[in-house]
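Trainee: Sequence:
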Amino acid sequence: MKTFTIILLVAIGAGFTAHGQQQAGTPRNQEKIIPQRSRVAVRVLDKHTLRPVEATIMVVGQRPEDLVIPLYEDGAYQFKMSAKDMGVISIHAVGYETLSEVIAAGTLRPTKVFYLTPVKNRDSSTAEVAKVSELDLKEEVETILLFTQSEPDLLPESNYELEILADYLVRNKAPRIELYGHTDDVGDPRKNLLLSYDRVDEVKKYLVSRRIELGRIRGKAFGSELPAAPNDCEANRRLNRRVEIRILP
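In mature numbering (1 follows the signal peptide of the UniProt record, and there is no 0), the protein residues as written are -20 to -1, 1 to 229.
These aren't lab readings, by the way, just hints derived from the structure by calculation.
Glycine residues also receive a C-beta, built at the ideal position from the N, C-alpha and C atoms.
Among these hints, one or two may not hold up.
What the hints assert, rightly or not - Below, simulated EDC-like cross-link-like pairs (lysine to aspartate or glutamate); rule was C-alpha separation at most 20 Å, straight line:
| hint | residue 1 | residue 2 |
| --- | --- | --- |
| 1 | 171 | 133 |
| 2 | 27 | 143 |
| 3 | 27 | 137 |
| 4 | 27 | 147 |
| 5 | 92 | 165 |
| 6 | 171 | 120 |
| 7 | 184 | 131 |
| 8 | 100 | 26 |
| 9 | 92 | 81 |
| 10 | 27 | 120 |
| 11 | 153 | 193 |
| 12 | 27 | 224 |
| 13 | 153 | 143 |
| 14 | 153 | 26 |
| 15 | 92 | 120 |
| 16 | 185 | 224 |
| 17 | 200 | 165 |
| 18 | 64 | 133 |
| 19 | 92 | 53 |
| 20 | 100 | 133 |
| 21 | 92 | 65 |
| 22 | 153 | 122 |
| 23 | 184 | 147 |
| 24 | 184 | 165 |
| 25 | 92 | 54 |
| 26 | 185 | 141 |
| 27 | 185 | 143 |
| 28 | 171 | 182 |
| 29 | 60 | 45 |
| 30 | 185 | 147 |
| 31 | 184 | 122 |
Stated by the list, open to error - Taking CB as the label site, the calculated pair distances span:
| hint | residue 1 | residue 2 | range |
| --- | --- | --- | --- |
| 32 | 191 | 64 | 35 to 45 Å |
| 33 | 167 | 38 | 40 to 50 Å |
| 34 | 194 | 151 | 11 to 21 Å |
| 35 | 100 | 129 | 35 to 45 Å |
| 36 | 166 | 31 | 32 to 42 Å |
| 37 | 47 | 167 | 39 to 49 Å |
| 38 | 213 | 151 | 32 to 42 Å |
| 39 | 100 | 190 | 21 to 31 Å |
Start from the sequences and build out the full structure, keeping to the hints where you can.
Mentor: What follows is the structure, given as structure tokens:
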């Protein structure tokens, strides 16, 4: 009888434990993981004048119902995306060609610049187009060029931006250019400082090759001293491997 009682108690205890584990596990399995969303800012500029353009922007996620209309705040169109999201951004503006591009949140910088191409008017002459492109720049324009890890080589996306800026500077002789080189914090600080100099030099060489006077260009290197984002993951370190370009009126 004692043996039977002990076995019965053990069986009941085991059943209670299993039941307790199931009950404790159920809510955990049912918990919905909400992805963390970060804010993205988009600036839209005229490709020829680098002036801000008033635009209508739509961002469609991986599902058609995931439609976002960015809001205009603090000089930029702002919206939120999950770190793993991908989508298509479409930018529409009167007098400009529509721009559509696939974007991946994991590779977006905090502020992304898009350049719109004016629609060619059959009645406008080449002289009129040139005159528009030579309007005085009213405010400072800033953009960021990204580089490959441990190298002074531009990422493909930044090559396009550099070409647009160079085209503008060729047409407009007045603005001055300031270049600020940076790295992530991986490696020896002295080598990072030299690497940030090399990155500035690469941009400077390209501008000079486009016949932009060396006297218009100033450069400075900071190594890893001034990160744009915490160096706590590869996505953030990617943002720190950069040269900031400022075009001054």
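Trainee: Looking back at the numbered hints, which does the structure fail to meet, lowest number first?
Mentor: Hints 5, 6, 18, 20 and 24 not satisfied by this model.
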